[in-house]
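If you want the building blocks of each chain, they are given just below.
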Amino acid sequence: MASATVTEVESKTVPIYVMGKKYDVPDTLTIMKAMEYAGYQYIRGCGCRGGICGACATVYRKAGDYKIYTGLACQTVVEPEMYLAQLPFYPANRAEYDFEKLDATPESIFKLYPELFRCVACNACSKVCPMDVEVLDYVSALKRGDIEAAAEISFDCIQCGLCTSRCMGEMAQYHIAQLARRLYGGKLAPKAEHLQKMCDDIEGGAFDDDLTRLKATGEDELKKTYTEREMEPAMSDESWKPESSAGLV
Amino acid sequence: MEGEPISTPKPVHVPKTIDPVRKRALEKISELSGENVWECMQCGTCSAVCPMVESMGFTTRQGIHYLQFGMVEKVIDARIGEYCASCHSCQVRCPRGIEVPKVFEAVRLLTLRQNEDFIKLNELADETIVGAPQIAMVSAFRKLTA
Amino acid sequence: MKIAYYPGCTMKTKAANLELAAVEALNVLGVEFTELERWNCCGAVFSLAEDDLIHHVAPVRNLIRAQQEGCETVVTICSQCYNTLARANLLVRGDEEKLDTINRFMDEEPDYDGGIEVVHYLTLLRDQVGWDALKEKVVQPLDGLKVAPFYGCTLLRPDEVSIDPLNEGILEDFLCALGAEVVPFSAATECCGSYQMLAHPEEGMQRAAKVIGSANRAGAEALVLSCPLCEYNLGSRQPEVVAMGEDLEEVPTLYFTQLLGIALGLESDLCRLDLAGRAARDLLTEKNFVAAATV
Numbered sequence: 002m003a004s005a006t007v008t009e010v011e012s013k014t015v016p017i018y019v020m021g022k023k024y025d026v027p028d029t030l031t032i033m034k035a036m037e038y039a040g041y042q043y044i045r046g047c048g049c050r051g052g053i054c055g056a057c058a059t060v061y062r063k064a065g066d067y068k069i070y071t072g073l074a075c076q077t078v079v080e081p082e083m084y085l086a087q088l089p090f091y092p093a094n095r096a097e098y099d100f101e102k103l104d105a106t107p108e109s110i111f112k113l114y115p116e117l118f119r120c121v122a123c124n125a126c127s128k129v130c131p132m133d134v135e136v137l138d139y140v141s142a143l144k145r146g147d148i149e150a151a152a153e154i155s156f157d158c159i160q161c162g163l164c165t166s167r168c169m170g171e172m173a174q175y176h177i178a179q180l181a182r183r184l185y186g187g188k189l190a191p192k193a194e195h196l197q198k199m200c201d202d203i204e205g206g207a208f209d210d211d212l213t214r215l216k217a218t219g220e221d222e223l224k225k226t227y228t229e230r231e232m233e234p235a236m237s238d239e240s241w242k243p244e245s246s247a248g249l250v
Numbered sequence: 070m071e072g073e074p075i076s077t078p079k080p081v082h083v084p085k086t087i088d089p090v091r092k093r094a095l096e097k098i099s100e101l102s103g104e105n106v107w108e109c110m111q112c113g114t115c116s117a118v119c120p121m122v123e124s125m126g127f128t129t130r131q132g133i134h135y136l137q138f139g140m141v142e143k144v145i146d147a148r149i150g151e152y153c154a155s156c157h158s159c160q161v162r163c164p165r166g167i168e169v170p171k172v173f174e175a176v177r178l179l180t181l182r183q184n185e186d187f188i189k190l191n192e193l194a195d196e197t198i199v200g201a202p203q204i205a206m207v208s209a210f211r212k213l214t215a
Numbered sequence: 685m686k687i688a689y690y691p692g693c694t695m696k697t698k699a700a701n702l703e704l705a706a707v708e709a710l711n712v713l714g715v716e717f718t719e720l721e722r723w724n725c726c727g728a729v730f731s732l733a734e735d736d737l738i739h740h741v742a743p744v745r746n747l748i749r750a751q752q753e754g755c756e757t758v759v760t761i762c763s764q765c766y767n768t769l770a771r772a773n774l775l776v777r778g779d780e781e782k783l784d785t786i787n788r789f790m791d792e793e794p795d796y797d798g799g800i801e802v803v804h805y806l807t808l809l810r811d812q813v814g815w816d817a818l819k820e821k822v823v824q825p826l827d828g829l830k831v832a833p834f835y836g837c838t839l840l841r842p843d844e845v846s847i848d849p850l851n852e853g854i855l856e857d858f859l860c861a862l863g864a865e866v867v868p869f870s871a872a873t874e875c876c877g878s879y880q881m882l883a884h885p886e887e888g889m890q891r892a893a894k895v896i897g898s899a900n901r902a903g904a905e906a907l908v909l910s911c912p913l914c915e916y917n918l919g920s921r922q923p924e925v926v927a928m929g930e931d932l933e934e935v936p937t938l939y940f941t942q943l944l945g946i947a948l949g950l951e952s953d954l955c956r957l958d959l960a961g962r963a964a965r966d967l968l969t970e971k972n973f974v975a976a977a978t979v
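Residue numbers (the working numbering), protein chains in the order written: chain A, 2 to 250; chain B, 70 to 215; chain C, 685 to 979.
No lab work stands behind these hints, which were simulated from the structure alone. Here the structure is a predicted model, which means the values were calculated and not measured. Hints should not be assumed to be uniformly reliable.
[What the hints assert, rightly or not] Calculated pairs, DSS-like style, for lysine-lysine (alpha carbon to alpha carbon, straight line, at most 25 Å): (1) B/Lys171 to C/Lys686; (2) B/Lys97 to C/Lys782; (3) A/Lys112 to B/Lys189; (4) C/Lys696 to C/Lys686.
[What the hints assert, rightly or not] Just a sample of chain A residues kept apart from chain C, beta carbon distances all over 12 Å, derived: (5) Val19; (6) Tyr84; (7) Asn94; (8) Tyr98; (9) Lys102; (10) Pro107; (11) Asp157; (12) Met169; (13) Ile203; (14) Asp211; (15) Lys242; (16) Glu244; (17) Leu249.
For each residue, glycine too, the CB sits at the ideal point set by N, CA and C.
All chains, full assembly: derive it from the sequences and hints.
Structure representation (structure tokens):
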């Protein structure tokens with residue numbers, strides 16, 4: 002195994018305030034690691050630790066600064082004089098619906114979430130989004146009936162709930178966006194025809210002979226087949242074809 | 070009309086005999102609306118042009134009269150702010166140039182800012198939400214929900 | 685002068701029949717404009733409280749967008765959007781402190797400098813094209829069509845944003861230029877019921893009944909509308925209104941832009957006559973303004 006080089010990092014400690022209590026933590030740590038350093042054990046508000054699950058939404062302020070800052074605890078590095086509070090779950094209205102029965106129209110969304118029309122375009126939602134999603138833009142898109150645009154704009158949403166916590170119109174924006182994405186992906190987006198064709202071919206038995214043959218091949222022979230396979234060159238264009246057409250449909 | 074001026078966007082003169090609660094209510098309406106209801110001479114033109122007057126407990130003019138004495142609760146009970154359609158017919162006709170819609174918006178807001186809605190979103194029929202233009206929902210919710 | 689078109693939420697869905705012909709007509713009439721690339725709902729109503737600034741953020745944000753896209757004028761067709769944008773613009777232009785607070789609040793946007801003009805489509809037609817020039821471009825004059833021009837509230841009130849402050853009849857002039865016969869009727873500038881149709885449906889319908897009744901008595905063959913909410917109250921809900929009213933007759937409703945499209949000879953799918961009522965389509969085919977097969 003190759004040896005890994007560990008770089009020694011000099012870190013100084015900075016004060017942060019968790020629920021009003023001051024802790025001195027190394028300044029290279031994320032909020033999540035800093036809180037664990039301080040002795041807190043996460044039983045809520047922690048998930049993937051990789052910036053994608055939305056569990057660790059955090060609101061914080063800095064001393065002497067009126068502004069509200071937000072971020073994911075697992076991704077945001079601590080700053081001196083940070084006063085933080087976690088939002089493990091902000092209550093959010095989620096409408097009940099049977100997806101199969103829904104028409105992919107804006108009106109379906111309006112019926113389920115009439116609070117959409119309470120948006121005052123204050124933009125507090127976009128300002129707090131840790132994924133830089135333009136929440137106001139997708140809410141606006143939905144109000145004017147553009148499900149596709151809303152689906153696209155809200156794509157990076159990790160449903161952390163920070164937007165919902167700040168909304169003047171009392172919407173749960175991310176639930177509405179999820180419905181838009183589901184309607185778009187499931188009912189509006191063009192289907193990939195070639196995918197369907199491939200599935201049909203597979204079910205039709207186009208690869209059965211090859212699979213049977215491979216299953217009957219011994220391990221050594223299989224390894225040899227694999228390592229000696231013809232590979233498509235990295236920079237080939239669409240016109241490249243393998244020498245042998247075995248296995249091609 | 071003798072009385073002490075209150076510092077609001079437009080100075081509002083009230084009778085000295087008005088009780089403090091009523092005075093506070095009148096001040097509040099003046100602050101929120103920026104209008105001086107004592108400019109009203111009770112000509113009744115606003116009532117004459119108001120499209121929703123028949124639905125209200127009493128007329129637009131009467132509403133302003135009650136407000137002159139700070140009797141806001143009467144105006145709320147008559148549901149003037151609730152039924153007002155913000156058409157502004159009263160404003161363009163008022164010979165004193167009072168921005169009447171602002172006055173009734175102030176009355177409306179006294180209820181709304183207590184976090185009380187005039188209409189409930191979940192009581193709107195599905196067909197209405199599906200059939201109505203978005204501006205209908207947006208304007209109704211802006212005017213009548215907290 | 686760069687003109688930005690602000691559609692508003694309803695234009696892309698329910699009121700496509702208001703927008704499409706209007707946009708194409710501007711092309712035919714040689715008025716250059718671009719649709720705003722990024723915009724949000726304007727809020728539909730102008731907030732009337734002295735201390736309320738948050739509700740002005742929505743319209744002002746759109747004016748900032750127009751500024752960002754290098755435009756000087758914003759034109760809109762939806763009456764409520766026109767009213768809200770125009771009044772918000774006047775408010776912030778007249779009150780430095782409020783404009784400053786609003787700009788500071790929108791710290792993620794550039795400041796609004798008050799430089800945008802908000803105009804309604806009819807004003808734009810009158811000033812950029814002119815009624816005579818419009819008349820010349822008409823290929824299908826609406827001869828013999830008796831129309832009652834309904835303004836509603838938000839195009840005319842309050843005075844400072846009125847598209848017809850001297851009561852000269854801007855909508856009437858427009859309809860005459862198209863060759864139609866204008867039938868004056870008393871309820872032309874009255875309220876259709878607005879959002880009360882949602883909040884208090886019975887009262888809303890009584891309001892609509894008054895307008896329909898007035899159009900009936902004036903002998904109108906069609907009621908010409910300019911606002912999607914008026915169209916909902918007076919058009920979509922008309923069957924219920926007529927049923928509950930007394931001595932009311934159905935009168936077809938059409939948007940002024942649909943008539944513009946027909947008069948200019950635009951294709952009927954641009955006029956979205958499929959979104960007009962059955963009665964309106966029958967009326968148009970009866971008058972030979974459109975071929976029966978196309979509707």
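Pair hint outcome, C/Lys696 versus C/Lys686 [Cα-Cα no greater than 25 Å]: Since the Cα atoms of C/Lys696 and C/Lys686 sit roughly 23 Å apart, the hinted pair holds (cutoff 25 Å).
Classify the label on A/Asn94 as holds or violated, using whether its beta-carbon is more than 12 Å from each beta-carbon of chain C. Given that every Cβ of chain C is farther than 12 Å from that of A/Asn94, nearest at about 20 Å, it holds.
Beyond 12 Å from chain C, beta-carbon-wise, is A/Asp157? Non-interface label on A/Asp157 holds, nearest chain C Cβ at 18 Å vs cutoff 12 Å.
Mind verifying the non-interface call on A/Asp211? Its CB should be farther than 12 Å from each CB in chain C. For A/Asp211, whose nearest Cβ neighbour in chain C is about 51 Å away, the distance exceeds 12 Å, so it holds.
Pairwise hint evaluation, C/Lys686 against B/Lys171, where the allowed Cα distance is 25 Å at most: violated (34 Å)
Is it correct that the beta-carbon of A/Val19 has no partner in chain C closer than or equal to 12 Å? Given that every Cβ of chain C is farther than 12 Å from that of A/Val19, nearest at about 28 Å, it holds.
If you draw a straight line from the CA of A/Lys112 to the CA of B/Lys189, is it 25 Å or shorter? Given that 25 Å is the threshold and the Cα spacing comes to 14 Å, the pair holds.
If I take the minimum Cβ distance from A/Tyr84 to any residue of chain C, is it greater than 12 Å? holds (21 Å)
Check the non-interface label on A/Pro107: least C-beta distance to chain C beyond 12 Å or not. At about 6 Å from chain C, A/Pro107 fails to clear the 12 Å cut-off, so the statement is violated.
Please verify that the nearest CB of chain C lies beyond 12 Å from A/Tyr98's CB. holds (20 Å)
Quick one: work out the minimum CB distance from A/Lys242 to chain C and report holds if it exceeds 12 Å, violated otherwise. holds (44 Å)
Checking one constraint from the list: CA of B/Lys97 to CA of C/Lys782, max 25 Å. Satisfied? Roughly 20 Å separates the two Cα atoms, so the pair holds.
Hints 1, 10, 12 from the earlier list are contradicted by this structure; the remaining hints agree with it.
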